[in-house]
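Next come the chains, spelled out residue by residue.
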Amino acid sequence: MSTAATAAERYGPKPRLTVPLSLRLALRELRGGFAGFYIFITCIALGATAIAAVGTLSAAIQHAISREGRVLLGGDVEASLVHRQATPEERAILGREGAVSEIATLRSMARLSDASGQALVRIKAVDDAYPLYGALQFEGGKTRADIQQPGAVAVERGLLEQLGLGLGDRFQLGNETVSIAAIIAKEPDRLAAGISLGPRILMSLETLERTGLAQPGSLIDWRYRVKDTGDGKLDKATLEAALPDTGFQIRDRHDPSPGISRSLRRLSDFLTLVGLTALLTGGIGVANSVSAFIERKRKVIAAYKALGASGSLITRSFLAQVLIVALLGILIGLTLGATLPFLAISFYGAGLPLQLDAGIYPAPLLLATAYGLLIALIFILWPLGRARQIRAGELLREEVDKGMRWPPLAFAAGSVVSAIVLALMAIFLSQQQQIAAIALAAIGATFAVFAALGYGFRALAGAIPRPRRPELALALGNIAGPAGLTRTVTLSLGAGLTLLTAIGLTNASMTNELKTQMPEHAPSHFFVGINKADFARFAKLIAKKAPGSELNSAPMLRGKIVALAGRPVSEIKPSEEAAWVLNGDRGLTFAERLPADSKIVEGKWWPPHYSGEPLVSFEAELARGLGLKIGDKVTFNVLGRNVTARIANFRTVDWTSLNINFVMIFSPNTLEAAPYNMLATLTWPESDPAGEAEVVRAVAAEFPTVTAVRVRDALETVTAMLGKIFTAIRVAGGLTLLSGVLVLAGALSTVRARRIYEAVILKTLGATRRRILFAHIAEYLILGLATAVFAAIAGTAVAYILLTQIIDISFTASPGALLQPAVLATIFMVAFGLFGTARVLSAKAAPYLRAE
Amino acid sequence: MAENIVELKDVHLRLQSRAGSVHILRGVDLSIPQGETVGIVGPSGSGKSTLLMIMTGLEKATGGSVRVAGHDFTALDEDGLARVRGQHIGIVFQSFHLVPTMTALENVALPLEFSGHADARERAANILATVGLSHRLDHFPAQLSGGEQQRVAIARALAPSPKLLFADEPTGNLDARNGEQIMDLLFDLHQCYGTTLVLVTHDQDLAVRCERIVRIDDGRIDRAQFELEGAA
Chain A
1 MSTAATAAER YGPKPRLTVP LSLRLALREL RGGFAGFYIF ITCIALGATA
51 IAAVGTLSAA IQHAISREGR VLLGGDVEAS LVHRQATPEE RAILGREGAV
101 SEIATLRSMA RLSDASGQAL VRIKAVDDAY PLYGALQFEG GKTRADIQQP
151 GAVAVERGLL EQLGLGLGDR FQLGNETVSI AAIIAKEPDR LAAGISLGPR
201 ILMSLETLER TGLAQPGSLI DWRYRVKDTG DGKLDKATLE AALPDTGFQI
251 RDRHDPSPGI SRSLRRLSDF LTLVGLTALL TGGIGVANSV SAFIERKRKV
301 IAAYKALGAS GSLITRSFLA QVLIVALLGI LIGLTLGATL PFLAISFYGA
351 GLPLQLDAGI YPAPLLLATA YGLLIALIFI LWPLGRARQI RAGELLREEV
401 DKGMRWPPLA FAAGSVVSAI VLALMAIFLS QQQQIAAIAL AAIGATFAVF
451 AALGYGFRAL AGAIPRPRRP ELALALGNIA GPAGLTRTVT LSLGAGLTLL
501 TAIGLTNASM TNELKTQMPE HAPSHFFVGI NKADFARFAK LIAKKAPGSE
551 LNSAPMLRGK IVALAGRPVS EIKPSEEAAW VLNGDRGLTF AERLPADSKI
601 VEGKWWPPHY SGEPLVSFEA ELARGLGLKI GDKVTFNVLG RNVTARIANF
651 RTVDWTSLNI NFVMIFSPNT LEAAPYNMLA TLTWPESDPA GEAEVVRAVA
701 AEFPTVTAVR VRDALETVTA MLGKIFTAIR VAGGLTLLSG VLVLAGALST
751 VRARRIYEAV ILKTLGATRR RILFAHIAEY LILGLATAVF AAIAGTAVAY
801 ILLTQIIDIS FTASPGALLQ PAVLATIFMV AFGLFGTARV LSAKAAPYLR
851 AE
Chain B
1 MAENIVELKD VHLRLQSRAG SVHILRGVDL SIPQGETVGI VGPSGSGKST
51 LLMIMTGLEK ATGGSVRVAG HDFTALDEDG LARVRGQHIG IVFQSFHLVP
101 TMTALENVAL PLEFSGHADA RERAANILAT VGLSHRLDHF PAQLSGGEQQ
151 RVAIARALAP SPKLLFADEP TGNLDARNGE QIMDLLFDLH QCYGTTLVLV
201 THDQDLAVRC ERIVRIDDGR IDRAQFELEG AA
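Residue numbers (the working numbering), protein chains in the order written: chain A, 1 to 852; chain B, 1 to 232.
No lab work stands behind these hints: they were computed from the structure.
Any given hint might turn out to be false.
Said to hold, decoys possible - Partial chain B-side listing against chain A, Cβ under 10 Å, derived:
#, residue
1, Ser-21
2, Val-22
3, Asp-79
4, Ile-91
5, Thr-101
6, Leu-110
7, Glu-113
What the hints assert, rightly or not - Simulated crosslink set (DSS-like; lysine-lysine; CA at most 27 Å straight-line):
#, chain 1, residue 1, chain 2, residue 2
8, B, Lys-9, B, Lys-60
9, B, Lys-163, A, Lys-844
10, A, Lys-227, A, Lys-142
11, A, Lys-544, A, Lys-532
12, A, Lys-633, A, Lys-560
13, B, Lys-60, A, Lys-305
14, A, Lys-233, B, Lys-9
15, A, Lys-604, A, Lys-633
16, A, Lys-186, A, Lys-532
In this text the structure is predicted, and so the values were computed from the model without any measurement.
Glycine included, each C-beta is placed from N, C-alpha and C at the ideal position.
With these hints in hand, go ahead and build the complete structure from the sequences.
Below, the structure is given as structure tokens:
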């Protein structure tokens, strides 16, 4: 065998797995490790973690809700009524579907027998069949039998703390003195009840009867839970078909708490958008990273070309390299995103009402992967396009001008298409597409503003005459320079700071609205459940105990809209703002005259003593959201009867007055014959806590079935909940800033070599280290402050539009919310910058000055 | 005889590297009188650029004494050395080393601003006119040709009217025609301002234009210094 043949055998083509050459080149290049890509990987990982974690947590909760659906709902299906119990016929229909349990829920007041204290409570009266699913648990080994006795109740610990009571103690509930026979440890169907005021009291239906709280017209929800004893197919649709037009609100085990599910999806959607902002900010780090990478590889690329590689091979090889890096970032993000929520729950989740299953939820991980890849493509393709423009001739001669050039059209188009796909995905996967679209447009606009600011700021720094002080001239030179940090700083910090400013201002305005705006006009108490026959006596008591105060009242029933303009509710597609009107029961009232807070905007109010066709006045904006016009008919179910009224007028309502307001007000002849109760508000000319407490005590003593709700308590509960939601939003928003800081750190490390070189030249020209330090501080301060000021302006604009146009409350300027991000930006910028400067100043001159 | 503006006595430079200590300069003695032109020549790696770094205070000798423009460099800290450079020394590099974010005018004005001249820009503009670049004042380095960049670097080095001008392979990155023009410029300016010129080069043809050639090899001055009367 000849030598040539041996060599051919050794090096010639062999049958093996064919890995494309571009990928082989990519893998060879990556053998050296991921140095230079750490910021890239961290930026992608951070955004992917946020999106995967939010999605995983939300999916785990949804999964637990649907797994525990029966237990949370208390049955396979629940049919509930307000004001009235089911008729024997309706009970018979329910009974045909399976085992039925009857439960009544209502709000009331628990009072100490000596009238020294009272508390708003949530009563749940249950029959013997309760609970159909899950187990009711009491503290200290107590059982159901302990509350079976008439007058015996079980309470949540909160009530004991509130009223200073203990096991075995007695207190007043309506007309009855009840005794605490047990303390509730676990109520299986607690979550489905939603979030509401006051601790729970559990009792038998017989005890409820004895309290006298269940009167005609009382605001009681009667719930009928059915346990499927048949073929397991019993669901919402079955009961809706069996109980048409009866006013039942029906839920099934698949969605035991539509309100919670809806809120969860909305919060999850919103946090995903915030995560996407973090990912977008990180994208700038990716782009910088890829640009620096291509810059480092110029000679390699030129050498490849000199050796005969095609532009497309080089592009594919470098695209493969950066995609491998992106995938590594995504993988890290998915791992953290899929595990962090469960780690957090294992530390802090003991109090959760649901047992969440740790596990892999593929949907959010897929979503995070898709978003991560799209973001990577948007920001990779643009700088990668330049790799194609590098000429082999660069091996022999440095390109004199490496300035900004447009990448080839295909790369620019690829970036743009990726961005469009990302936006469409984010919009169509959101529950509230319009809001998602607006949010994305706002995010896009913010980035555009800060990109423009970067350009503008550079141009401005270049245009203004150089100051005499060389430090300032140097700082301005760096800001104006084409390879400076200006654009990266404005882009990377701008979006995060704008977001934090907007979140801070929105939070401050909403809290301010709740805390300070209301009490000036707002009533101190709502009184619910005043029997219409007792109302005159009630008003007299108030006039005696609270002279000078203002008592407003309105009759109130609850009912459910079943059809609008002849179309059943299920066929109506309301606007997002108006959808709540059709969810569940609404308060209904009737009035002879137009209430003080309202103004007719279309149509006419009915004349006094009107006795014709039933008429209704509808709140104007909601009517528009529901597609209604004057003359349309509204059919609602109240106390089991369907009643139809014609829309006579539209009116505006000032909801923020916190006075008694209703979406629908009927002409008196429509409802006055129904058994209703009165709702009243008490407004004091000036705050008088002692007087308020005295009135509540007097009302409780004389009208034991009337419930008093302190407005301030209700507002505090809402404020506390708002605070928690804003904390979650702030954490997510903080991620964007963290992403920005990472980008900044990456950019600073990219320019460090140039900075050292520059400092060395300056030293050869006689500059002291102090001068160089001052020049750097001046540059970072100018950049940090400029970005902070614009972020404050942009954040204020976003918050202002959000508050005044969407949430519809007044904007409050909060110096704290405004200054915090600005100070943060400046500190970050100067601190990070100076960290780099320390290394610049300590660098030795000689190695940088020797001829190459 | 003119006073010595550079006086090196038994100068050593040892640098630590991974492979151990490297002895780069091994006892260099060199005196340069005010107003002289000196060519320092030697093969690559002989230590000629290092010697320039020592004379400009950009590198600190590890042994011996270095006196330049009346200052003891071994006793000055980094900032003290920077001040001496600002007042007395101009340096021209092979790779120009202009500040990329500044225009030609700003680059030239910089050392004047560092030493507190109120008319820095006017003087810079005049010097740029002297080197034939009055039409390029507002251009950034990347917008200038190699020859033009080197002219800016020379203008910058001469701006504060230094007593000493060091040039390290000033034509190394230029073509023959541009290189010749730059050399003519350097020697013309030396004549005009009476500046001491120290030229580091591996090109014997350039060095012969100097009044004296100092040959360096393996960290030592190799041959006796000799005078080239009437050269240049």
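Consistency of the hints with the structure:
The criterion of a C-beta within 10 Å of any C-beta in chain A is not met by Ser-21/B, whose closest approach is roughly 17 Å, and the hint is violated. Evaluation of the Val-22/B hint against chain A yields a violated restraint, the C-beta minimum of about 13 Å exceeding 10 Å. For Asp-79/B, the interface hint holds, since its Cβ comes within 10 Å of a Cβ in chain A; the closest pair sits about 4 Å apart. This hint holds: Ile-91/B has a C-beta 5 Å from the nearest C-beta of chain A, less than the 10 Å allowed.
This hint holds: Thr-101/B has a C-beta 3 Å from the nearest C-beta of chain A, less than the 10 Å allowed. Annotation: interface hint on Leu-110/B holds; nearest CB of chain A at approximately 6 Å, less than 10 Å. About 4 Å separates the beta-carbon of Glu-113/B from the nearest beta-carbon of chain A, less than 10 Å, and the hint is met. Proximity of Lys-9/B to Lys-60/B is assessed by CA-CA distance (about 14 Å); at most 27 Å being required, the pair is judged to hold.
Note on Lys-163/B and Lys-844/A: the hinted pairing holds, with a Cα-Cα distance of about 25 Å set against a maximum of 27 Å. Distance hint between Lys-227/A and Lys-142/A is fulfilled; the C-alpha atoms sit about 26 Å from each other, no more than 27 Å. A distance of roughly 19 Å separates the Cα atoms of Lys-544/A and Lys-532/A; the hinted pair therefore holds under the 27 Å criterion. Proximity of Lys-633/A to Lys-560/A is assessed by CA-CA distance (about 14 Å); at most 27 Å being required, the pair is judged to hold.
Between Lys-60/B and Lys-305/A the CA atoms are separated by roughly 44 Å; this puts the pair beyond 27 Å, and the hint is violated. Distance restraint check for Lys-233/A and Lys-9/B: the Cα-Cα separation of roughly 103 Å exceeds the 27 Å cut-off, and the hinted pair is therefore not satisfied. As the CA atoms of Lys-604/A and Lys-633/A are separated by approximately 16 Å, the hinted pair is consistent with the 27 Å bound. Under the criterion of a C-alpha separation no larger than 27 Å, the hint pairing Lys-186/A with Lys-532/A is inconsistent with the structure, at around 37 Å.
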